[in-house]
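S.K.: Residue-level listing of the chains:
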Amino acid sequence: MIAYIIRRLFSTVVVMAVVALVVFSLLYLTPGDPAAVIAGDIATDEDIRLIHARLGLDKPFLVQFGRWLWSLLHGDLGTSIFTNLPVTQLIGQRIEPTLSLTLCTLFVAVLVAVPLGVVAAAKVGTWLDRVVMSFSVLGFSVPVFVFAYILILTFSVQLDWLPVQGYRSFRDGVWEWLRHLILPSVALGTVYVALIARMTRASMLEVLAQDYIRTAAAKGLAPDQVLLRHALKNAAIPVITVIGMGIALLISGAIVTETVFALPGIGRLTVDAILRRDYPIIQGVTLIFSAVYVVVNLLVDLSYVFFDPRIRY
Amino acid sequence: MNIRPVLRRSLGRLGLLALVSVLCVPAAGAQEQRLLKFIPQADLRILDPITTTAYITRNHGYMIYDTLFATDAKFQVQPQMVDKYELSKDQLTYSFTLRDGLKFHDGQPVRSADCIASIERWAKRDALGQKLAEATESWKAVNDRTFTLKLKRPFPLTLEALAKPSSNVPFIMPERIAKTDAFTNITEAIGSGPFKFVKEEWVPGSKVVYVKNADYVPRKEPPSWAAGGKVVKVDRVEWIYIPDSATAAAALGAGEVDWWEQLPPDLIPVLARNKNIKVENIDPLGSMGLIRFNFLHPPFDNPKMRQALLYVVDQNDYVLGIAGDPKNGHTCYSFFTCGTPLSSEVGAEPMKGKRDFDKAKQLIKEAGYKGEKIVIIDATDQPIVHSQSLLTAEMLRKLGLNVEVQAGDWGTLITRRTSKEPVEKGGWSIFHTWLVGPDLTSPAVNFALRGTGETGWFGWAKDAKIEELREAWFAATDAAGSKKAADAVQARAFEFVPYIPTAQFILPTAYRSNLSGVIIAPMTLLWNVEKH
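If you read the sequences in order, they're chains A and B. If you count the first sequence from 1, you need to add 1 to reach the working numbering. If you count the second sequence from 1, you need to add 9 to reach the working numbering.
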């Protein structure tokens, strides 16, 4: 197992090196000039040229890449061209809202989706199954922002139960933190509920058709024990995979939800940086989250051991 | 198979969660009475109001900096940080004495050296500042509160320059910060203005925080634009950037924020129906849209092609396209902001009255237009730019011209417009933008009127005559002479057509009705505002 972990971590380094080169190259080739954005509308060619030079953007590709790589190897992700703040600080400001949204969304999704998927599988072909599957189709089909607007209109504007927008830190109080996350988590969670419910149902159906399930029922075990203790555990692996992918995707930013609810998350940081051509932020965020993605996948793979003792690394 | 126990357990867990949530005590409310939450027009990214002309940075500058002089609502220059000033009889030497008690946010007193360094840095970037610098022989600090400006020749616009209301504003910074290269962003935001910037709480893209500067000594006069007393009546201001306009409207309606700086036209009626919200036009000058040409390549290198468009641009269409409601815009057949002293309709006959497509086609024929492709570069993420692009494209197609709109985002547009290549090699023919009223009030600040060619603003309009007339305007010594010279500049502009003004429009603001003291001004100013 240790050797497996070391091999996977080594491959993370290789992946990140490739990502670093690809991202840097793509940004270099992409049209757009942060110097022009900094200079503003009322600027001349000369203004932009001078800002360009001050930022070191007039240097050849290899020089710029070399400088960036050298800084990276010293743990420095660089400084935002616009705000002059370290990229690590900017990302650090966004970690808490992003992780909070991720955890709450997945909590909502798993809490709702797994039971729904189990119920749908247990009552396959009945009206209950159809309702659950219809709901999951809706969850996939309705854009997140549409659902978000409906939630805001209902619970914030009409009922005044929950806030419209913004994020409160955990340090400002648990209730305020939670209040500001309920609507975004529910809005974003619908997609994951749909996905996880369907995966759970499909996986459960496969397991419920196995002989050992019939044996367990024949032995006189209560239905919920058969479902939860025998079937669900064996059906868990594909579900865990989907949840793991969900974590990685959410951490890299739920841009639409963050925009609608004005949450200062990683998604908005990245998109704003792209629109402004704030290269250090784009490079830094992409690198960090490629590493997060690889590590999350590793953890998901390792977690299989707990669900299926036959799996060994 | 009985699933009731499964359902019961799940519901039970959900109920427990709800109970725990309800039992969690909400955090005690902040001092809401003295906290002003404001949705700004854009996200503040650059803190340096000298390296960038972005209006959001200018507005940030007004929060934390002060100026030696300021322009009031009657377009008069008033002393602000300056207590008294004198001009020598030969009009070559100004002497300025600062007010007592001026301090920077780091506790250091404002000195003459700080003012001189700040003005010198500003003058390296600003067009009017550059004219002042050309006329300047030297700045000298007599002592910490008094300094002089020695001119090479009389420069009647000296005080107007020091009172310039819009980008770039000659804000005063500590000397050590003002010594930063004028093309490099400053990293500290320390001023002597009515608010202090709380950098530790700044989350770019989300929140900017200011607190009242308790050491600020406001002038005694009532506020008038950026002049007069800057009395802060709240303890803390938070700029909450909400990128989604529907969310911003909901937040204002729910009272989560107090003031939304600029409303999109489609949400004005929605907010106007809310009895707790006031929707107002507090900008007396508004902004002006414009069509800018590429003078380097066909077809708009030919003045007849540009003149042709004067006969078909219908400003009423652009008012509707930009503002959505005729109440929020009007025609302005002038190169100087309507409602300001130098604006007139001299030379504007082609733009007024019934549109004349036949005349335009005649001019196009005389220009020898051979079907060259006209590329309009558009930014779909900028509604004002985008609506103008679509209107112009439609108008050009009606004239039978070969038009293509190439859409991108604003970042792409402002990069692409730096290209001097022909359209076949990625160049462009037309772009649109808009400028605030104070940036178009005179030949001194209206940079889009310049004819300096490839060293000038994008489009690279070249016309020696307009430059000559501009210089003549600078030499005017009284108001009548200045008006006459400005009319001459405008008359030439309608012949040469460096750009076409499309409409004058106002972007309304909306704030909760428990706010009072909102200042009517062409820039959003947050002192004097009280929350009840």
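If you are wondering where the hints come from, they were derived from the structure by calculation, not from laboratory data. If you're wondering where the values come from, they're calculated on a predicted model, not measured in any experiment. Take the hints with a grain of salt, since some may be wrong.
[Unchecked claim] In silico EDC-like pairs for lysine to aspartate or glutamate, Cα to Cα no more than 16 Å straight-line:
#1 B:K208 / B:D115
#2 B:K429 / A:E47
#3 B:K242 / B:E539
#4 B:K133 / A:E47
#5 B:K429 / A:D46
#6 B:K471 / A:D46
#7 B:K368 / B:D323
#8 B:K133 / A:D59
[Claimed, not checked] A few chain B residues that face chain A, going by a derived Cβ cut-off under 7 Å, partial list only:
#9 A51
#10 K188
#11 F192
#12 T193
#13 N194
#14 P252
#15 A259
#16 A260
#17 G264
#18 P312
#19 E375
#20 T421
#21 I423
#22 T442
#23 F456
[Stated by the list, open to error] Here are a few chain A residues that sit away from chain B, every Cβ distance over 10 Å (derived from the structure):
#24 V15
#25 V20
#26 A37
#27 I39
#28 I43
#29 I49
#30 G79
#31 F83
#32 L104
#33 R131
#34 S142
#35 L154
#36 L250
#37 S304
#38 P310
For glycine and all other residues, C-beta sits at the position ideal for the given N, C-alpha and C.
S.K.: Under 7 Å is the threshold here; is the Cβ of B:F192 close enough to any Cβ of chain A for the hint to stand?
M.R.: It holds, given that the least Cβ distance between B:F192 and chain A is near 4 Å, below 7 Å.
S.K.: Would the stated hint for B:T193 survive a check requiring a Cβ distance to chain A of less than 7 Å?
M.R.: OK, holds: B:T193 within 7 Å of chain A, min 5 Å.
S.K.: Any Cβ of chain B at or closer than 10 Å to A:S142, or is the non-interface label fine?
M.R.: A:S142 clear of chain B: closest Cβ-Cβ about 21 Å, beyond 10 Å.
S.K.: Taken at face value, is the distance from the CA of A:E47 to the CA of B:K429 at most 16 Å?
M.R.: Given that 16 Å is the threshold and the Cα spacing comes to 13 Å, the pair holds.
S.K.: Looking at A:R131 again, its CB stays over 10 Å from all of chain B?
M.R.: Holds, since 15 Å exceeds 10 Å.
S.K.: Does B:P312 hold up as a contact with chain A if the rule is Cβ-Cβ below 7 Å?
M.R.: For B:P312, the interface hint is violated, since the closest Cβ of chain A sits about 22 Å away, which is over 7 Å.
S.K.: Would you mind confirming whether the straight-line C-alpha gap from B:K429 to A:D46 stays at or under 16 Å?
M.R.: Distance ~10 Å between B:K429 and A:D46 Cα, so the pair holds.
S.K.: Confirm or reject: A:I39 is not an interface residue toward chain B, with every Cβ-Cβ distance exceeding 10 Å.
M.R.: Answer for A:I39: violated, closest chain B Cβ roughly 6 Å.
S.K.: Does B:T421 pass the interface hint, meaning its C-beta sits closer than 7 Å to a C-beta of chain A?
M.R.: holds, 6 Å
S.K.: Please verify that hint: B:G264, Cβ, nearest Cβ of chain A, below 7 Å or not.
M.R.: violated, 9 Å
S.K.: Using the nearest Cβ pair, does B:A259 come within less than 7 Å of chain A?
M.R.: At 5 Å from the nearest chain A Cβ, B:A259 passes the 7 Å test, so the hint holds.
S.K.: Within 16 Å, alpha carbon to alpha carbon, are B:K208 and B:D115?
M.R.: holds, 13 Å
Violated hints, listed in ascending order, are 8, 9, 10, 17, 18, 19, 26, 27, 28, 29, 31, 35; each of the other numbered hints is respected by the structure.
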